[in-house]
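The task is simple: from the sequences and hints, build the whole structure.
Protein chains: 2
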Amino acid sequence: MEEQANAVGVAFVEHYYHLFDHDRAALVSLYNPTSMLTFEGQRIQGYDHISEKINQLPFDQCRHAISTVDVQPSAVAGGVVVFVSGSLQLQGEEYSLRFSQMFHLIPTGEGGYFVQNDMFRLNYG
Amino acid sequence: MEEQANAVGVAFVEHYYHLFDHDRAALVSLYNPTSMLTFEGQRIQGYDHISEKINQLPFDQCRHAISTVDVQPSAVAGGVVVFVSGSLQLQGEEYSLRFSQMFHLIPTGEGGYFVQNDMFRLNYG
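Protein sequence lines correspond, in order, to chains E and B. The C-terminal position of the first sequence is numbered 125 in the UniProt record's numbering, with every residue numbered one higher than the one before it. The C-terminal position of the second sequence is numbered 125 in the UniProt record's numbering, with every residue numbered one higher than the one before it.
Treat the hints as calculated values from the structure; they're not laboratory data. Please note that the accuracy of each hint is not assured.
Claimed, not checked - Below, computed lysine to any residue pairings styled on SDA-like, alpha-carbon distance capped at 25 Å:
| no. | chain 1 | residue 1 | chain 2 | residue 2 |
| --- | --- | --- | --- | --- |
| 1 | B | 53 | E | 75 |
| 2 | E | 53 | E | 34 |
| 3 | B | 53 | E | 53 |
| 4 | B | 53 | E | 24 |
| 5 | E | 53 | B | 69 |
Here you go:
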C-alpha cells in the first residue's frame with residue numbers, strides 16, 4: 001500500500017510539473033469540479049476557476065526543480081497525499097523562488113487520479 | 001463547510017505547536033495507531049512510534065513561529081487538510097529554521113480530531 005502510494009505520488013509530481021512548465025493549459029485535466037486550490041492564501045474552487053488562475057499567473061515560462069517529494073496513503077480508499085518542496089525559476093529572473101506544495105489525489109474510478117486538494121506557498125526566508 | 005474546516009484547522013495549529021513547545025510528550029494524544037508521520041523523509045507509523053520520534057528529537061526547548069496556515073475540507077467526511085509554514089527557533093541557536101508541514105485531520109467520532117497524515121520538512125534555501 002505504501003509502495004503503491006509512493007509510485008503514484010512520484011509519477012504525479014513528475015507529470016504535474018512537466019505540464020506546468022511545458023503545457024500549462026493542460027493542467028486543467030488533473031482537476032475536477034470539486035477540486036480546491038489555495039494559492040498563496042487565495043482560495044479557488046473547481047477546475048474552471050483553477051485553470052483560469054493557473055493560466056493567468058504573471059509569468060510565461062518557468063522551470064520547477066523538485067527538492068523533496070513525500071508521499072503517504074490517505075484515509076480515502078486509494079487516495080494519496082503528496083508533499084513537495086522545490087524551487088521555481090522564472091524566465092529572466094536571476095534568483096529562483098523556494099516553494100512548498102501539497103496535493104491530495106483521489107482515484108477517478110477509471111484508473112487515474114484527480115487533485116482534490118492543492119495548496120501552494122512560496123517560502124520566504 | 002469551508003469556514004468550519006478553517007476554524008478546525010486554525011485551532012488545531014495553535015494547539016499542536018503550543019503542545020510541541022510546552023508539553024511535547026502530550027502530542028501523542030493527537031495521533032492514533034493508523035497515523036503516519038514523514039519527518040524529513042523518514043516514515044513512521046502509529047502513535048507509539050511517532051511519539052518516540054517526536055520525544056527523541058535532538059533538542060529540548062524550541063519555539064515555533066507560524067507564518068501561514070492554509071486549510072481545506074478534505075474528501076473524508078469532516079476531514080480537514082492543513083498546510084503550515086513557519087520557523088523553528090532552537091534554544092541556543094542564533095538562526096531559526098524555516099519549515100513546512102501538512103496535516104490531514106480526521107474526526108474521531110467523539111467531537112475531536114486525530115492526525116492521520118503528518119509530513120514535515122525543513123526548508124533550506
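Here is what the structure says about each hint:
no. : hint        : result
1   : 53/B - 75/E : holds (22 Å)
2   : 53/E - 34/E : holds (16 Å)
3   : 53/B - 53/E : violated (40 Å)
4   : 53/B - 24/E : violated (40 Å)
5   : 53/E - 69/B : holds (20 Å)
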